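Chains as they are written, first to last, in our numbering: chain A, 1 to 470; chain B, 1001 to 1470; chain C, 2001 to 2470; chain D, 3001 to 3470.
Just so you know, nobody snuck in bad clues.
Computed list of lysine-lysine pairs in PhoX-like fashion (alpha-carbon distance at most 20 Å, straight line):
1) C:Lys-2315 with B:Lys-1315
2) A:Lys-263 with D:Lys-3316
3) D:Lys-3315 with A:Lys-316
4) D:Lys-3315 with A:Lys-263
5) A:Lys-316 with D:Lys-3316
Label-pair restraints from in silico Cβ distances:
6) C:Gly-2122 with D:Asp-3083: 37 to 43 Å
7) D:Glu-3274 with A:Ser-46: 27 to 33 Å
8) C:Glu-2346 with D:Ala-3464: 51 to 57 Å
Simulated from the structure, these hints should not be mistaken for laboratory data. This one's a predicted model, so the numbers in the text were calculated from it and none came from an experiment. Note that the Cβ used here is the ideal one computed from N, Cα and C, for glycine as well.
Number of protein chains: 4
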Amino acid sequence: EEEVQCGEKSGEALEALLSDLAKVSNSRERASRLFQWLIHPIPSMSFFGDTWEKKPVLIKRQNPDYYKGLFSTAEFDRILRQDDVQYGVNLDVTSYTNGKRDTHNPPGRALPFTVWEFYESGCSLRMLNPQAFSSTVWSVLSILQEQFGSMAGANVYLTPPGTQGFAPHYDDIEAFVVQLEGKKHWRVYNPRSEDEVLPVVSSPNFSQSEIGKPILEVVLEAGDLLYFPRGFIHQGDCLPDAHSLHITVSSYQRNSWGNLLAKVVPAALEMAMEEDVDFRRGLPVDYLTYMGVQNSDEEDPRRAQFLSRIEELMKKLSTFAPVDAAVDQKARDYLHDCLPPMLTAEERASSVQGAPSRWEDGEAVDVGVTIRGHTRVRLIRSGIARLCSDGEAVWLYYTADNSRVYHKEEPKSIEIKAEQTDGMEFLIHAYPKFVTVGSLPCESAEDKVSLAELLFEKGLIHTAEPLQRS
Amino acid sequence: EEEVQCGEKSGEALEALLSDLAKVSNSRERASRLFQWLIHPIPSMSFFGDTWEKKPVLIKRQNPDYYKGLFSTAEFDRILRQDDVQYGVNLDVTSYTNGKRDTHNPPGRALPFTVWEFYESGCSLRMLNPQAFSSTVWSVLSILQEQFGSMAGANVYLTPPGTQGFAPHYDDIEAFVVQLEGKKHWRVYNPRSEDEVLPVVSSPNFSQSEIGKPILEVVLEAGDLLYFPRGFIHQGDCLPDAHSLHITVSSYQRNSWGNLLAKVVPAALEMAMEEDVDFRRGLPVDYLTYMGVQNSDEEDPRRAQFLSRIEELMKKLSTFAPVDAAVDQKARDYLHDCLPPMLTAEERASSVQGAPSRWEDGEAVDVGVTIRGHTRVRLIRSGIARLCSDGEAVWLYYTADNSRVYHKEEPKSIEIKAEQTDGMEFLIHAYPKFVTVGSLPCESAEDKVSLAELLFEKGLIHTAEPLQRS
Amino acid sequence: EEEVQCGEKSGEALEALLSDLAKVSNSRERASRLFQWLIHPIPSMSFFGDTWEKKPVLIKRQNPDYYKGLFSTAEFDRILRQDDVQYGVNLDVTSYTNGKRDTHNPPGRALPFTVWEFYESGCSLRMLNPQAFSSTVWSVLSILQEQFGSMAGANVYLTPPGTQGFAPHYDDIEAFVVQLEGKKHWRVYNPRSEDEVLPVVSSPNFSQSEIGKPILEVVLEAGDLLYFPRGFIHQGDCLPDAHSLHITVSSYQRNSWGNLLAKVVPAALEMAMEEDVDFRRGLPVDYLTYMGVQNSDEEDPRRAQFLSRIEELMKKLSTFAPVDAAVDQKARDYLHDCLPPMLTAEERASSVQGAPSRWEDGEAVDVGVTIRGHTRVRLIRSGIARLCSDGEAVWLYYTADNSRVYHKEEPKSIEIKAEQTDGMEFLIHAYPKFVTVGSLPCESAEDKVSLAELLFEKGLIHTAEPLQRS
Amino acid sequence: EEEVQCGEKSGEALEALLSDLAKVSNSRERASRLFQWLIHPIPSMSFFGDTWEKKPVLIKRQNPDYYKGLFSTAEFDRILRQDDVQYGVNLDVTSYTNGKRDTHNPPGRALPFTVWEFYESGCSLRMLNPQAFSSTVWSVLSILQEQFGSMAGANVYLTPPGTQGFAPHYDDIEAFVVQLEGKKHWRVYNPRSEDEVLPVVSSPNFSQSEIGKPILEVVLEAGDLLYFPRGFIHQGDCLPDAHSLHITVSSYQRNSWGNLLAKVVPAALEMAMEEDVDFRRGLPVDYLTYMGVQNSDEEDPRRAQFLSRIEELMKKLSTFAPVDAAVDQKARDYLHDCLPPMLTAEERASSVQGAPSRWEDGEAVDVGVTIRGHTRVRLIRSGIARLCSDGEAVWLYYTADNSRVYHKEEPKSIEIKAEQTDGMEFLIHAYPKFVTVGSLPCESAEDKVSLAELLFEKGLIHTAEPLQRS
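Looking at chain A on its own, in the form it has when it is part of the complex:
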């Protein structure tokens, strides 16, 4: 656990940053700069080296406006008024009083009339997917996900003065607590045991007696950041004199080596059985007489032999591991989890979304914009799409048609024809450079153009210059 004190006004404020980022051409760089800003002044490299997944860190900024524009209670109120926020789906009403944690969601839509009544009575409000309602949150998370290579999510918490909304607990994600308004008193505790370090699932609610002494106790003020890895127990409560609004940005849920191995290992076994007769040989005819729990205390030399054979085969298994194919399975899940990109004005203008085709004065005009051999194109974002093979065909999975609501859309993909696969791969690796359609390594000019047209129509590429009418 570590504390960093910043001088006043150190670092760029969000609004300025976002406008700067729009000028950064490479989406990976954009992601890394946004993340760097989030944890400023800690350098990213040292953060990932020393802190990430290891220990909490606190950044005190003395700059209440640092995160300004990301989210506010005023926007919360506006969303309640304008959008269809549903209790229990998008908003939770909670309380933690005298050691008792309660949820108070009524059915139906959450309108300001009832929401603010709950707040006034001392309940905390948790908005579950602010990215669906706030463009800024959407924009920030959709950029950050490219930094993490794992879905970035967020919850917003609004807590009345002098109250606490949640019991102490730990989560299954890396958490960045961004204080937006007011202040909050936080206590962070070590994982209780080795088994709860970087845990796979979140904890239940703990009582105060189960969690020991905090390793970090602090009052977070607007502009401050508190990071802690999954497994670190935490609780926050409001001081009597101020409400608190914070947003917790999260990532790395089910994104461990073990989660990848769960894809690798069954595939490895399947391949081993196909390719290596040792895996297909019959078990000893008498193995049931000395193996199994009922025989586990028996002294039988055949047991050792059997166990050593299993060990030998399991070790051999690693030689069959189709790691890249398993990574692709994981990547497909990730692309499905992703937020769609929020395009900048420039990106929009040079992509299908900004194509000039329109209805004007009783007719369709500027129709049929043409992609030609000399048109220069590239992926609209580095992480927008990924080429995966299922053994028979090659598919391009992409995030462009995802919804801002998690998994509301099915995973999206298009089949890439054999004669266009190399072209597609070339385009992916060319990023962030623009390349001419004519330079795509497809045999025929027609294949080059039709691939580019397909990708353009799906919103996966944009052009270096505005497109011409045909």
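Please arrange chains B, C and D on chain A, whose structure you already have, making use of the hints.
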């Protein structure tokens, strides 16, 4: 079939009308005035007496602006640009060329870039639920549904000059073709036989040789209306010199006496078996030897006796018909089909949606607006809610939380406690009058207020005057 | 309620009867004679006229051997030993002590070791489908079902001296209690109200205080019969000095006019909507404003008009009733419920089951028995099969492949080709007469023979004389 | 491939053997003697060492009666007559003519009349589960399964002279072709490639051109045995002068090391993630940019590092392998696959199935046989039951209530209470010795007796001496 010629500028244009309607306090009157405007200058009473479900009628207005503001191709273009319109879900691309009807929907989102390319190549565009994208269409349909007592839907059709998008066919709904832009050549044909009069399901596509001669042939121009009942075959095509945009407003799908009987009859039989031992008596032990298709040509006096017994019981069945309960079943389906109301500024201001509770200057203000005994309230719309009994409890079904997308939300209802049922019924029948909460026929003052609070929070009632803070 | 006293040795004992019945050629006559024997000395006609579905009747025979051979505790013991009887599936262990009814089924197979232990401890044993284990019960029920035109079922009850196994209750079937061994004290009570006369479902267990005074109290001895209709409450207990074994033969479950109407009425409505435009006309546009439970107390002349329109249409409905088609639906259910026939030696010898084809001395012999034009055939039983149309094709439903376990097999049917339908119908109506294959009204000789071969292979017809080798 | 020539009358015939086996007390010894007899004169040990899963072997016995009594065409005919054999379920009718393989199953029951007609027309008959119809086959297979530790199955094949019923193919099981009647010409071929050695699934039908030259060609005569491992292609056809009847005994379907690993490996991963934080650590944030199929050709040092980390973790995985628990999962599947034991007269007499409790002279007699502390008991068969833990409770899985029809019954188990687990384990390991109930290591005498009673009632143990009445 009938044709009505209007003088130029006869009737109020839509925009003015809608602003007038907002001042009409009674939603049923609002509905009837909007419908009257739609079919102006035919009086509603004579329309429902002579035309509805009987024959087509054509109204030529000489006023291209009559329906202006309802929908336009410019709005179509805006929707494609701003909303998530999906091919096959919200938009169909069709053609009818040389007697062949085709659909050309690609997968994915319909952006202007591809949509206008289809249009330029001669395809028709059908937008399937414009009410989800256009507030005006939503407003108009949500008012009209109260006139019909049956869901009002709409499709928009945009057709390039010199083309036809659909084969001749008939539908299963009453259709009001509202010409918005350009012009279209229409032909309407009689139902082909008695069996196809007011049909239960739509027809397949017909060939030109199957449909006989048109009984009505006309060029519809902006501002004109063409109505025809379900079962009347129709086809429309564009003249070479003009595109066409029309919206077809529809209603009365599965809303016949037979559709109601499908709810009445099984309930009647269930009741008859409970209450009348004649329905519980055993069949004759030998009935299988003389009844059934294999015996239908037999001359057996027992057959006549058996058939007459069946007839007698079926006639008796009508004495058990729980008609009101069956109507409630149908009403529940209707309330689920309904669009939610689109509130006027005044309605909003006096209902939960416009309640002053809000976040301001770091705190929740104007929270806890109070409904008291002297507060005057009424349903926000006549058709917003309906009291139904399922035999055990009493439920209030309502439309306020429906989605603009058909059946996207489950049917919504709240249980009304026994001690509040009379109060609820009183409130329903009081409409359009405002009544004081204190006048509700509930025993305790608490029951009166808690009923009114519940209805207010759900957005089902509004108040005569703005609410005060508590 | 009625009591009939028989002289000793009146009526034929079962064994003799069954051997006589095997000589009766017409299965319908067989059924009626077996039923006559069951209720001897009451004439069938007067039974069905005065007693059936009306009141209990008791027959005291003074002849303990009258039903001998139908079932015995010795056979019960043999079945436990030889067959796979499962607790809870085929056998229930019950008790009724101090007003409390309990079931004691352990999981798994019911072997004599545990079954007799339960019996000794005072539990009653109910065997649920003795027809699956006892050929005689199977034979008797499969004949009786043809008399009832409705499935005939049975349970066997063995009760230790001085105990009662079941609480007072009524059933949903006509019950014939056949006392086989020992004696039992029975009390029968009137239905408690008009609503419980010929009830649709069985009652829960009653307490003694709920059922009033018995209308019949008697000690049933071996050879006696007690009949009571569904709805009559009953209870039986053993005297201290004797155990009791009885079998209850049941029929007419869900076989009322109402059960048939449940098939007729929806089909009638469907037909009415197709054929009569009155059923397809729209409901009044304002009907929801005066109909429905919330308006049921309103004085509105439109209500009376609406109700009278419904009544009119419901009465008209009877003119569309496709009664024969509905009877066929019911007949199909019945054929699925039926036991398969238990063939007599003669039936077996002249049907596919007794065909001489066999393996002998290393080769298949007497293969290819031929049906020719002069072969005389008929259905093997009147009720073995039934011709039903589903509107498109004609199907022959049949019971021959049913299982002795209720609904273990799917309903069985074969499609009858258009050119063989008349032949099939002719064959059905010819029963009990044998007819030559050549006389079947099919156009070609080939169709006649192929129909006969198909029916012969399925075991649905038998021949007048043994078949010859081809 | 190997051929063994036996002198005439070498080895004991089946009937004598089975009667001898009934005297063998230890079921494992019974199994090994029966298997030894099957492959006589090859010693079991050398068979499993040199031949099993390695190569075909042929045993020519010069003794047509060696397998007599196992099955015959006469029994086939009897089964068709007496049992409910269904085409497509229990019997397949096949042909292989001019390189074309056909199946001719009609729907419905297979009666001799139609079956022998198919046979006469040159079709082969395959009975799919003779163990359900033949007690001898049941008995033999239920003993052999204990030898294999894997389900033993069988099919019977009857082929007319001069015909072939099946195309060349290989199976996924070890096959013992036992010639019962007549003779058959067999050709056996090597697996076509390393990948088809000991294959996981059966092959499709091959054409003659795909399979190369036979490594074994022979005419099998009654009494002969042909064994070949899975993967060896084979075809058999009848000589013009003789029909053929053989039974193929099979085992070791899905019983390989790989099949066990499919249970071990996911469990190992689950355990590793619980116990070792290395498996829970996050993946590198940038891994998607260099791993996956689209990056598989990239030269990036991070790839090697990533792959080596995966390899390291996979190797470490073997240290977490819960092998005994996985074997128990496999054992549970095996116990579910097993045939129930077919008891000998002695086994029956000393078990629940032969308990003297019965109905005699109007009452239950010899009820309540008592198990006491000095009663000597043991498992009725070594393989009848197995103790498995699911982590929370301990369950005894058993085969006694399985059906002779594969998987017709659900897996059967009973929970063993904590205080009886040691007793249960003691009893399992004591086999084949009888032990007194009093010697079971349970704390209370009551626990000992209640455990023994439970096992006795389920048919899992028998007693050394006949039981006494209580």
